[in-house]
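Visitor: In order, the protein sequence lines correspond to chains X and U. The first sequence lines up with residues 0 to 364 when you count with numbering that gives the first Met the number 0. The second sequence lines up with residues 0 to 482 when you count with numbering that gives the first Met the number 0.
Keep in mind that the hints were calculated from the coordinates and are not lab data. Some hints here could point you the wrong way.
What the hints assert, rightly or not - Incomplete in silico selection of chain X near chain U, CB under 7 Å:
no.	residue
1	Gly91
2	Met93
3	Gln148
4	Lys151
5	Leu161
6	Ala165
Unchecked claim - No farther apart than 27 Å at their CA atoms in a straight line, the calculated lysine-lysine pairs in the BS3-like style are these:
no.	chain 1	residue 1	chain 2	residue 2
7	U	Lys308	U	Lys344
8	U	Lys252	U	Lys308
9	X	Lys312	U	Lys166
10	X	Lys230	U	Lys154
11	U	Lys166	X	Lys239
12	U	Lys213	X	Lys239
13	X	Lys239	U	Lys286
14	U	Lys213	X	Lys230
15	U	Lys154	U	Lys213
16	X	Lys230	U	Lys308
17	X	Lys230	U	Lys286
Everything numeric in this text was worked out from a predicted model, so none of it was measured. Ideal placement from N, C-alpha and C gives every residue a C-beta, glycine not left out.
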Amino acid sequence: MIQTGGDRLSDRKLDAILNEFRGLIEEANATGVPLVIRGGNTKSFYGRKVNGTPLDVGPYTGIVSYEPTELVITARAGTPLREIEQTLAAQGQMLAFEPPHFGEGATLGGVVACGLSGPRRPYAGAVRDFVLGVRCLNGLGALLNFGGQVMKNVAGYDLSRLMTGAQGTLGVILEVSLKVLPMPEFEKTLRTEVDPSNAIRLMNEWAGQPLPLSAACHDGDYLYIRLSGKKSAVISSIQKLDLENCSNGTEFWEALREQHLAFFDDPAPLWRLSLPSTCNTEDLSGSRLIDWGGAQHWLKTAERADVIWETAKRLGGSATLVRGGDQNGMIFQPLTDGLFALHRRVKQAFDPNAVLNPGRMYPEL
Amino acid sequence: MQYRVLAELKKCLPPDAMITDEERARVYECDGLSGYRQLPACVLLPETVEQVQAILRICYREKIPVVARGAGTGLSGGALPVQDGVVLGLARFNRILDINPLQRSARVQSGVVNISISEAASCHGLYYAPDPSSQIACTIGGNVAENAGGVHCLKYGLTVHNILALKMVTAEGDVLEIGSEALDTAGYDLSALLTGSEGMLGIIVEVTVKLLPKPPFSRVLLASFAEIEAAGRGVADIIANGIVPAGLEMMDKAAIGAVEAYMHVGYPVHAAAILLCEIDGVEEEVKDVMAQVAQILRSAGADEVRIAKDASESERFWAGRKAAFPAVGRLAPDYYCMDGTIPRKHIASVLNRITTLSGEYGLGVVNVFHAGDGNLHPLILYDVSVPGEFGKAEEFGGRILEVCVEAGGTITGEHGVGVEKINQMCIQFTAGELTQFHAVKTAFDARGILNPGKAVPTLRRCAEFGAIHVRSGRLPFADIERF
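Bound conformation, chain X alone (with noise of 0.2 Å):
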């Protein structure tokens, strides 16, 4: 087992923080005041406001056990990003759905509960592809742990994948184990100056071959991919698909992943388009950018919020506005009637008195 460097916690003063936090939670209970769940605070820009006691997992860190041989690591919600990724990669391991900082003090709660995931997604899966066990208190503080530490595990209901990405809203995620991966061998990113939808066919083409890809995205003028694996694969891939080698592909990718790319710096508010790899969002004023070989459109926009969820619909997917917004109003594509009584009646089997994040994704969620 490798073990970490920095302060580890001793039993006593983690039984101490999370004491505390159910303390918070009893608390919130009895006065209705309501719980705001936080991290490292980098991704408040994400999702509606939430007025409350703040409830800090930061204090809750530490790697619990890594083992590479066993492509498992397990860590406390507080512990940084930052520390996971240097632990894995001093192993050669990696979190392959490439997740997004938003800054400094990321920590791995904060990944898990926005269940955002960076340019390999598609074809390395997301965050909750990758999440094999979470150990959280409910609404009622009770600790439950869910899934375990191991590839396959069929016992119960999949609640640490739903609590992935539901934002706080159903647990105070504790702990998590994820599967991780090696780090390829060999990387190579590749450009091509095409227009948008000629960009989006190719990439699915693309995705269809047995290439090695492991990013496709369009800036607006160039197409950008990643090819990634063993040096041989990599390799006889760049020959097949002759373009133009790009020499900065891993900063490009790094500025992508965490919205440094000029293409973000812009006031404009920026609205996510998850959607169907082949759809074409043209319809829509503004700028744009086209990650996830199509799949997720980035768009810089001032048309209303209605004609951009009701846009994404149409398509077959969702819209969610980013940055920039009213963070009082809607944020996330609006459900539909019976998803959303669905909704709100599993958010009260976890949370029946609602004082975990409530309103953070949904009014009344």
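Assemble chain U onto chain X, guided by the hints.
Guide: Coordinates of chain U only, in the frame set by chain X:
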């Protein structure tokens, strides 16, 4: 069931879609776990979503239990009927609705057989990755209900990783669209929750799956070991070297012997264990990685490493593994198949514990399993005609699952809890966790009509348990591969 209700159900279905006579209903009295049998009040075979809705509205109103069933190949009794309940057979939901080659997805009805999706996508160079051993018979709806795995899930994931959207009819009879053809949707990840929920939360009528490009090249390697510890080390070392094989299977001495006696595929009968490792990808890559794996396994202590020279030798290496269950069926009148998963590092120690338990119970055990993801399938040998031996086998099986939980694992990797492991759920989960499961169930099905008594035990009654019961080597669905 009241005649009034039967008549009402009959009225919403086509003429030949209701079975009430005992002779024809017998077909539905069990699934692949044939040790448990129960005749339902009736079997309904609807053809449209509207018919499914009508059935559920009536059953919800009348509080009649509804057990969904695909092909009935499940191994944990998930589709075991409930007395006085309805079996809702989805066999007639057998149409592939749409294949979108550019977008790499297929929309199919839930009764479509797993392998037929890959067959239909094959002309586009695409396939559906999860390949449970029953794939020539099992349905995609059943795969979703059980979160089915297969030999290749180490690299390509389980059902949950390979589906995009579900159309579900709720307990009350409403239709909900869960997920979409995009990679994620707004709100909670309900498709993850529904996958593996064993028919307890809704009736799946349509599934949209992801399709992947077929790997252009693959090869299999066979390594033999004089000690089980060395084989376990080999598994860990492959992973530690950054290699994720398409498949990585282990067989112990008893399994090798059984297979050789049955098939004569040339497995090394004196070995304590063999590993079969499949690598796929582009040809250059496969050849590179194969050489690397061979070296790793030799260093881990393999006596002999054989790399298949061509596709037909690869197939021969696999043939023995795929025939392992029927081969074991010749060793004893009956066997039980367990399904625990453990961290890979404990493979050798758990196998040794199982050997010790085998001595204690005086029952033989054969191990043939998915080593790459630590998913064990110990087969306990017994003879049901010997008084008391069935009970001993059940108890032995329960002890094995407890050992898996102690080792940090789980009681079921891919077969589901069903009725079979309901007892062990109480070992793996606390009362608080089981209470949370029940609360989720209530959110979907307030009257508890969907597959009652399965998957999640009530706090009071953590009773009743068993395993695959194979009588006289006759597997249910004997023509289906099991591995």
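Visitor: Look at each hint and say if it fits the structure.
Guide: We went through each hint and held it up to the structure:
1. Gly91: Hint holds; Gly91 of chain X Cβ to chain U Cβ min 6 Å, cut 7 Å.
2. Met93: violated (10 Å)
3. Gln148: holds (6 Å)
4. Lys151: Check passed: Cβ of Lys151 of chain X comes within 4 Å of chain U, closer than 7 Å.
5. Leu161: Result: holds, 5 Å to nearest chain U Cβ.
6. Ala165: This hint holds: Ala165 of chain X lies near chain U, its Cβ roughly 6 Å from the closest one there, short of 7 Å.
7. U:Lys308 - U:Lys344: With a Cα-Cα distance of about 31 Å, the restraint between Lys308 of chain U and Lys344 of chain U is violated, given a limit of 27 Å.
8. U:Lys252 - U:Lys308: Holds, at about 25 Å.
9. X:Lys312 - U:Lys166: Holds, at about 16 Å.
10. X:Lys230 - U:Lys154: holds (19 Å)
11. U:Lys166 - X:Lys239: Cα-Cα ~40 Å, so violated.
12. U:Lys213 - X:Lys239: holds (17 Å)
13. X:Lys239 - U:Lys286: Since the Cα atoms of Lys239 of chain X and Lys286 of chain U sit roughly 19 Å apart, the hinted pair holds (cutoff 27 Å).
14. U:Lys213 - X:Lys230: The hint holds at about 20 Å.
15. U:Lys154 - U:Lys213: holds (13 Å)
16. X:Lys230 - U:Lys308: Holds - the C-alpha atoms of Lys308 of chain U and Lys230 of chain X are around 23 Å apart, at most 27 Å.
17. X:Lys230 - U:Lys286: Between Lys230 of chain X and Lys286 of chain U the Cα gap is close to 12 Å, so the pair holds against 27 Å.
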